[in-house]
Amino acid sequence: MNSSLFFDISAGAYIAAMITYVIFLVVRSKTVGIVASTITILGFVSQTTALAIRWVNSYYFWMSSHPQSGLYEALLRAAPLRNLYESLVFFVWSLILAHILIEFKYKNRSLGAFVTPVAAMALLFIDISGTSKAIQPLIPALQSNWLLFHVLLSFLGYAAFAISFGAGAAYLITVTESKKELPYLFGSIIIGIFLAILIGMGIDFLSLSGAERANLIQNHWLKATIRSDSGGVATASWVIAIGFVAAVWHLGLRLKGALAKLDVTAIMLDDIAYKSIAVGFPLFTVGGLIMGAIWANSAWGKYWTWDPKETWSLITWFVYALYLHARYVGGWRGKRVAILAIVGFVAVVFTYLGVNLVLSGLHAYGG
Amino acid sequence: MEEKEKEKKDIFESAWQSLASVKLAIFILMALALLSIVGTIVEQGADPAQNIKLLGKLFGESVAPTVYNVFAKMGFMDMYGSWWYVGLLVLFSINLVVCSIDRFPKTWKVINKPLRPLGENAIKTLPVKKELTFKTDINRARDEFANALRSLRYKILEANEDGSVQLYTQKGKYARLAVYVVHLSIILIFLGALVGIQYGFKGYLNLPEGQTSSRAYKSPTEPIPLDFTIKCNWYETLYYEGGDTPKEFSSELVILEDGKEVLKKVIEVNDPLIYKGITFYQSNYGYMKEAEGYFSLTVTPDGGQEKKLWLRLGDTFEIPGTGVTGTIIDFSPALSRDPYSGELTTYAEMMVNPAVAIEFNVPGKDKFKGWILKRYPETGQFPDGSEIIFDDYWGVEYTGLQVAKDPGIWLIYLASITMSFGLYICFFISHKKIWVHIVSDKKSVSVAVGGSTNRNRLAFEKEIERLISRASKAIEGRSKNE
Ligand code: HEM
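One line per chain: the protein sequences are A and B, in this order. Once you know that position 30 of the first sequence is 30 in this note's numbering, the rest is easy, because the numbers rise by one and skip nothing. Once you know that position 161 of the second sequence is 161 in this note's numbering, the rest is easy, because the numbers rise by one and skip nothing.
Take these hints with a grain of salt, some might be off.
What the hints assert, rightly or not - Only part of the chain B face toward chain A is listed, based on derived beta-carbon distances under 7 Å:
1. A25
2. A33
3. S36
4. T245
5. E248
6. F249
7. T279
8. A404
9. P407
10. Y424
Hints listed in this document are in silico derivations from the structure and should not be mistaken for laboratory results. Source: prediction; values computed, not measured. Beta carbons: idealized from backbone N, C-alpha and C, even for Gly.
Work the whole structure out from these sequences, hints included.
Structure, rendered in structure tokens:
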């Protein structure tokens, strides 16, 4: 059986859920809210099915090249967490799971309008980045249980951080009076940049032929727009991108009224942001940093080499440690900590994607 | 004199306070994060030309060399070892230690403060509180609340007064120590790293098949003597079928002491060999073009016995009983057929797809040449039913080993474990206190339940609700039965 049908259903469902949640914010009808939750849960069930099918398929794939493997080993090697595509799919799955849990716990649906877009963005990124969706053979360095748990726990942590990002952004909107306030300016620009990059990649995707799409990230990233070889196109793209970010900044505050009418209090958002970081931080510390280091040590005899990926994980860790201390003992409150929650997630995204996209472009290795 | 002493003490006191402050910690964390970003943009320990090119992209070609020199002087090109980065890490450690020492006595006091019964009014001002009445007598209410508390795994203390009783309890007070465990783990990691730098080494060793070494290398001119000898029996790359994706890199290593074999192991990536605290990791491999090795062939005539052969380039052998002879005339480490021209070419410098060329001499026929590929045994099957399998071209590859000794790794592992538990306890176990005050009031009793927690208030409120619903169900259930 093929998992892609179920993946497509779930992707469609999450995007539909995102739209429904936004409509819910605007019209505030209970029915619309229930529809949004139902679509999300159906999407989640479908995605869980898809993950299970992919796991089973990977299991047979592994057994075909390693017939002497035991069941346990084969299941671990087949866990669908083995490349960029699978890890992003798992990220979306964890994020939606966390979202469903929070919705039940806080009995408030409005956070959906902030979390489902992150899931939709990740899905869109998967699609337009052209990352291979095929089940691939596992190279020797990746054949490690440490690596598996490292990816599993890191991505659960990233999902928790994504929630804190959504809550932090919503918090900023609820407490901002005027769009000239610096924290709001900062938050809306960050979100505008995320969206602009995604749109830019969408344009890359449309401008490329099928074969080139597979190398979009390595060779063509934003080459159709701001990194274009033609100076005119590049300049125009920059102008449009800046205009777009300005529009996000200009319009974002319109969500404020909607949030206020839905009993979304600043206190609740701050609480969600803190709690998800309190869950994400241990997961990321243990899964991301510790298990990553143990894996590196068991494969290469070096637990820490200061390579850009490791260093960015450490930067992410510093930012969230900063959040915890600033809020818990440093007496920071309100907008300042919300900003830190947003910065933390920017660091997460940069650790996972930016190091490959931006830094490898700057450095000699990579395209 | 006294004044001076006091002044000294004041200076010490204020220095201590600044080193213990969380503000300093916030500053250091920010500084470390920002500086580390620079370290990921500028390539560390790289060839100057590379970074000059990079700086050219950021600042323009003309000023790049100047910018480079300034940055290099400041240590940015080898940042993580620079005095200021290390200094910041040292300051970070001091901050952490001083802050922990400064706060620990207070925490310890809180933990060991005996729990006391509270007045009824005090209970009603606790962060979580609830008041109830039951139609029952005081002893029953007491018993059922005690049972409910016990079922939530609280150990109960009790205070009796005329006409009233108070149950009070706490749980998880030692969870307050978890933060210290987390902080201590960070210090342990630093110590582990220091021990590794001081008493360990990181080296490499490229060991050709069949050869031995009693050294590893930090760099080509810096050998590290080992007090034993290591030998590589063979190195092999396995590939997934139908492509050049590697499936496993492995080597068979032997440890020799005084010429005697003491340990033999096939290592793979993620599965190293450890001997006398020194670990040998499979890290890469290589093909030595100039070396001459041995061809290992298995020859089987149709229906006959297989025979293992061990041959040099130019050697001639016979397929037993057939009169057919073969001469080894050529070798390619990576043979492929060009899909357009059909020509055979060598497409890689590594032994990716090894192939041996053999010239056959069949009595009464023309000589002919054939390639036999190691990864495609069907290329050695002949129409007359005989078979030649190309097992290996031995002695021309070397295994690339990382050689590391790190006596500090145990501290790192220990710290990893303590930090994991510490973080878990810190965020998920809270110090909870509950008081249940029961007063008898003619035919009924009134109960005040109150509690406090140091974190996870929401979960604690749920727990109190559970406590109350258990106790009230039991009380009401029993009164109905009577
Ligand atoms: C990156 C390094 C650090 C990590 C991972 C870390 C970890 C933690 C964690 C997890 C908490 C509990 C926070 C919460 O409950 O929300 C905490 C609390 C605290 N940390 Fe750190 N910490 C670090 C560095 C520091 C430093 C350098 C200081 C020095 C001042 C410090 C001082 C404190 C204090 C005072 C508390 C509050 C303790 C209490 O509850 O009484 N931390 N730390």
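Now for the hints, and whether the structure bears them out:
A least Cβ separation of about 6 Å between A25 of chain B and chain A falls short of the 7 Å threshold, and the interface hint therefore holds. Below 7 Å, beta-carbon pairs count as interface contacts, and A33 of chain B has one with chain A at about 4 Å; its hint therefore holds. The criterion of a C-beta within 7 Å of any C-beta in chain A is met by S36 of chain B, whose closest approach is roughly 5 Å, and the hint holds. A least Cβ separation of about 5 Å between T245 of chain B and chain A falls short of the 7 Å threshold, and the interface hint therefore holds.
Taken as an interface hint, E248 of chain B checks out: its beta carbon lies about 5 Å from the nearest beta carbon of chain A, inside 7 Å. Contact between F249 of chain B and chain A, as hinted, is supported at the beta carbon level, the nearest pair being about 5 Å apart and thus within 7 Å. Contact between T279 of chain B and chain A, as hinted, is supported at the beta carbon level, the nearest pair being about 6 Å apart and thus within 7 Å. The closest approach between the C-beta of A404 of chain B and any C-beta of chain A is roughly 4 Å, which is under the 7 Å cut-off, so the hint is satisfied.
Of the supplied interface hints, the one on P407 of chain B is violated, with its beta-carbon coming no nearer than about 13 Å to a beta-carbon of chain A, more than 7 Å. For Y424 of chain B, the interface hint holds, the least distance from its beta-carbon to any beta-carbon of chain A being 6 Å, beneath 7 Å.
In terms of the numbered hints stated before, the structure departs from hint 9 and from no other.
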